[in-house]
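J.: Chain B: place on chain A using the hints.
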Amino acid sequence: MNYHWNWGIFLEPSPEGIGTYFDMLMMGLRWTLVTAVLAWIIAVSLGSAVGVLRTLPSRLGVGLGDAYVEFFRNIPLLVQLFLWYFVLPELLPKDLGNWLKTLPNASFWTGAVGVGLFMSARIAEQVKAGIQSLPRGQSMAATALGLTTAQTYIYVLLPMTLRIILPPLTSETLNTLKNTSVALTIGLAELTARTRAMQEYSFQVFEAFTAATVIYLVINALITVVLRRFEKAIAIPGYVAGT
Amino acid sequence: MPMIEMRDVCKWYGPTFQVLKSCTTAVDKGEVVVVCGPSGSGKSTLIKCVNGLEPFQSGAITVDGIEVAAKGTDLPKLRARIGMVFQHFELFPHLKIIDNLCLGQTKVLGRSRAEAMAKATALLHRVGLDEHADKFPGQLSGGQQQRVAIARALAMDPVAMLFDEPTSALDPEMITEVLDVMVALAHDGMTMMVVTHEMGFARKVADRVIFMDKGEIIEDRPTDEFFGKPRSDRAQLFLSKILSH
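Keeping their order, the protein sequence lines are chains A and B.
For the first sequence, the tail end lands on 243 under the working numbering, and the numbers increase by one without skipping.
For the second sequence, the tail end lands on 245 under the working numbering, and the numbers increase by one without skipping.
Just chain A, same shape as in the assembly (with noise of 0.2 angstroms):
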């Protein structure tokens, strides 16, 4: 193989104009980032609602519960979010529409929103079979002592269900990380895109490569000792899972 190596290149003014190579890739890394946060925002808050949703005895909730994670489950990430960013303007009124085209860091919301909706069905998937997995005399001796359904939920059955899901979760949170490099495909110029575009300016392809997985390595490792810490946190003594 006859590649000239050049480590050095990070340091090396990009042709963008705004600094260096590696100031190219820490921006990307600041919209992955960022596009992260609020996409695991909307998938944690809307997948715990759909997911105890799910579990209520409503029909009518359960139905929709199940056809939101079934909508947003079995579309693949990628054609989810063509759909937000190039379908969904065309169909809705022109106003609204053109408002959406021209939104400032359009890319952006629309990889934040996609994402965290597709993540949302897996995490409501997760709070529903944590909800399911706790003893049923949990929730009766709840509303034996007069809770209501909200209460039972939010004293006795929630904290106990996170206790058990943060494991998955814990997964869940790495993999809504790693999806945002999909939106590089609607433009949103993340770790994965500046990383690309420094291989098409420099042609320093291992070195780019090399950086972006080292990054993502580095900032996986970090969410999982976090969140290892926060499982630790809240364990609570004497609990043996499944008694």
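These are calculated hints, taken from the structure and not from any lab test.
Quick list of in silico lysine-lysine cross-link-like pairs, BS3-like style, CA-CA up to 27 angstroms:
{"no.": "1", "chain 1": "A", "residue 1": "K101", "chain 2": "A", "residue 2": "K178"}
{"no.": "2", "chain 1": "A", "residue 1": "K232", "chain 2": "B", "residue 2": "K96"}
{"no.": "3", "chain 1": "B", "residue 1": "K71", "chain 2": "B", "residue 2": "K21"}
{"no.": "4", "chain 1": "B", "residue 1": "K77", "chain 2": "B", "residue 2": "K29"}
{"no.": "5", "chain 1": "A", "residue 1": "K232", "chain 2": "B", "residue 2": "K135"}
{"no.": "6", "chain 1": "B", "residue 1": "K241", "chain 2": "B", "residue 2": "K21"}
The structure displayed is predicted, hence computed values, not measured ones.
T.: Just chain B now, kept in the frame of chain A:
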């Protein structure tokens, strides 16, 4: 007026399987009634109907004059006045013992934290678990957890207490400590409906014994009479099986 009154309560699971067949009985204020019968006879279902945890299709149940299944009944409010103890304790595992006792008091009855804590502390003392207030349920033995569950129900100042096989999930050496608490409660004049196979407990404190089989109340009579000679074949068979040792 009876504290708990049931008239012709019927319940079906699905269109064909009838779990309760025209159950009629009453529990007076201060009375202790034991419900026994073979497994699957509907006794647990029957007491879960009393606080509306299980819906029923026909008949009526009133507690302290309030109709459980009536449309306008504020069920959470009614349930708050009926204590219930479950076979598997059902303490809330993420809450300390003291907080298990405070949750209903503060969230349902609207008591202040201080008031709830005082009540909870007094009740933990009563069931002999003062020093465990800051532990979590998983750190207690089964018998201790069930005593906490009784204290949790009592913290709501209930007008009646329902017990659904409170000792069935316990190791034998822990049954006594739970029964002792229940006996003391009965002597204090609490209205109690107890599903149990502990015939010693029934003999000691029950005013009446209800025997159920296949969803029907077969016998409903004063304790002495129930354990005395004249009784139905089915009850006799049941008693001979569980009293043979």
